[in-house]
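Going down the list, the protein sequences come from chains E and Z.
Under this note's numbering, the first sequence has 148 at position 148, and the numbering climbs by one with no breaks.
Under this note's numbering, the second sequence has 418 at position 418, and the numbering climbs by one with no breaks.
Note that these hints are calculated values from the structure, not bench results.
The structure displayed is predicted, hence computed values, not measured ones.
Please note that a few of the clues may not be correct.
As a list, the in silico SDA-like pairs of lysine to any residue whose alpha-carbon atoms are at most 20 Å apart [said to hold, decoys possible]:
(1) E:K257 x Z:F97
(2) E:K257 x Z:R187
(3) E:K260 x Z:A185
(4) Z:K251 x E:K257
According to the in silico footprint, chain E covers these stretches of chain Z (three or more CB under 8 Å from chain E) [what the hints assert, rightly or not]:
(5) 19 to 28
(6) 79 to 88
(7) 213 to 226
(8) 386 to 399
Note that beta-carbon positions come from the ideal geometry of N, C-alpha and C, so glycine has one too.
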Amino acid sequence: MGRWRYFLQRVLLSIPVLFLVITFLFVVLRLGPVDPVAARLGPQASGADVAAVEERLGLNDPLWEQYIRFASDLLQFEGQSWVVQADRGIPAVLADTAPPTLWLGFWAILLPLFIGLPLGFYAGLNPNSSRDYISSGLGILWLAMPNFWLASMLAAFLASTASGGPLGFEWHTFGPNIQSVQGTPSLNFVTLSSIGPVPFPTGLDLGGFARDTKKILPPAIVLGSASMAAEQRIGRTAVLENINSKYVETAKAKGVKGRKIITKHVFRNALIPLIPVITNEAFLLIGGSVIVEELFTINGLGRTFFQSIIQGDLPLAGSLLFVFTLLLIVLNIFQDLLYTIIDPRVGYDQ
Amino acid sequence: MTADRVRDRPDREDPILQVRNLRTVFYTDRETIRAADGVSADIYPGETLGVVGESGSGKSVTARSIMRLIDSPGQILAGSSIRYRQTETVRAYADSFSGHTAELSDVAHEVDKSAAFDQIDRTPQHFGHERPEDVPVADLVGGGYGPELGLCDEGDFVFVTDGEATRPGQIQRGFVEITALEGEAKRLMRGGRIAMIFQDPLSSLNPVFTIGNQIKESLNLHRDMRGSEATREAADLLEAVGIPDSRRRLKEYPHQFSGGMRQRAVIAMALACDPDVLICDEPTTALDVTIEAQILDLFTQLQAERDLAILFITHDMGVIANVADRVNVMYAGEMVERADVDQLFEHPRHPYTQGLLESIPGAQSGDSLSTIEGTVPTPNEPPTSCRFADRCPKAFEACREVHPVSVPANEQNDDHTAACLLYPENMSEQEAAMMHDQRNPPREESDTS
């Protein structure tokens, strides 16, 4: 089958991409104005200490040896942080910082998907009605607000309600209680046990789940705002385009029920232009999480990356970039998979 | 495909589909476009009615009105009637929609039509007749004036003219008024009774579903077939429209089919609903000539096998000559000439038809191809003159003052009519102009309601 062959091709192509990325990362990181020794010892460090640290970090080895160590550490997820969490193993740092980011990303993708997309489809099904204008107007408003601004404003507003906000609204006590708008969600609402190396959930603390969800909602809304707007707008256009298409008229002419025309004929075609929008937004979330995590002081991948890069923590920064790259590649493959499933024309050449 | 066949048919008297005074308008910010402006046509079982005209003459709008595919800002105006008269269908509809069925058997004879026209805001001329008593009750009821005249209830769309509404199985005659259909009744008519084939076969098929899926959808909707039974029937249909290796082809997607194959698949999809009337809106325009000939042959063959009534829309006179039994010529929203196909090609009466025939390459003498100058005007006003007058080589003064109506145009053949002031031939120009003028609705009245 042509479609699946095409898909396999795409998967195999990502392997050389991975190696290119590793090399590129090494070059960029080494070329940058980084001084891990100074970051670690402070600017007043004496010559002997500096030499010792340099020796220990392997900075005096030939460049090709450093490259090979860098590459193999990345591929095996090994190596140690130099500065940010000095001498800790990178897997341990990742295990600490990845969950909050994944939790944030999960909600930042979910919210637009379940708010932006339905709003867009709804607007497309009722074009040029007042409902359409309201939905589209909200979409443009969301799109127009930059993340960093929205994040500061939202954090400031929610924090200001601590002593009673407008209409008696107080975010901290609204729903489950939380101490602060900012901070990392604890994410210990799932009790994990394991049989051998495989962990599986054995219990769920609903209170903790609600607290963590509430904690992550403001940053997730900020992070997802642009996606929400984009999905709303493209969803609307895609539905409009398909609803006026010839095959919908044909379906009507053969007596297909109105609802089935929408659910079977329109939606599946409308999803095709939305796939790259949705997966591309997942890319943006990674970049966006750096700003949002910093502003909401969430100890996630984004914030840790930001610190590691300004402090010259080469192995940590490299590893995080490598993780981001892996995520992108997986998302790309996932996008191709969705395309292959939804659009039969993919991979077909005349 | 000759006129003889048409005349020999016993049920010549009873068209399966009757269109009367169809007015479909499109409201835009600037103007109201009267895309179909008083169109009347009859389609008989087993025959092909060709509708021919330039782009913008209202052919497709007429077809879409019959399918009820006109969406906002378009609207079919009151007074328009599209009647589906197949007895079996009337019985089935009277059975399923007894709440929307009205009996006209007895009341029809008792209607005082002069009084009726006093009640409604119309004149007999709006219905194409001079005197009230000439207007058929079906035109009034079908046009939506039944409730006002106390002949039926609001929302009725099944009308029994011979038989009893309470005993659907015994109904002898009647009609389903397509312009009044709503919801499920409208959906069942589409595809199940009247199917339509569109111009571009690629965009008519949904790109993300297999051909088999789309044919089976029709089978499922109108013949309640599912699973392997539907698959078998779908394969048979593909074979019937000339697609070999149909089992495998069912699993393929539209983009894997060639242009001609796609149109065959679209035809199979339309036939899957087992319709009695097939509307073809320029079905071969997107195909090359060889494939066109094959598809036209296919229509002829399918028509013979299934006794289909076909409404064939095209701008190609050559195609019309090939497929049609009778022809209606459309111009600017009106039917300007109707005749048997042989009559039309041998003795075209309307100057527009004559112009069309002269513009066929190869048929004319002289060095350059003769054409009709100008383009079809947009019919955005109620007609006050002949809409063809500006382009007509035979136009005279009255043509710009009087709107012509359809009149007999051929002494040998009653079925040959033309909407032109040159006819009837036995009248002088002045007499004819007066006669045509009298059969138009009064000017001052606005008829856009």
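Here is how each hint holds up against the structure:
no.	hint	result
1	E:K257 x Z:F97	18 Å, holds
2	E:K257 x Z:R187	7 Å, holds
3	E:K260 x Z:A185	17 Å, holds
4	Z:K251 x E:K257	24 Å, violated
5	19 to 28	violated (count 0)
6	79 to 88	violated (count 0)
7	213 to 226	holds (count 4)
8	386 to 399	violated (count 0)
Of the numbered hints listed earlier, those contradicted by the structure are 4, 5, 6, 8.
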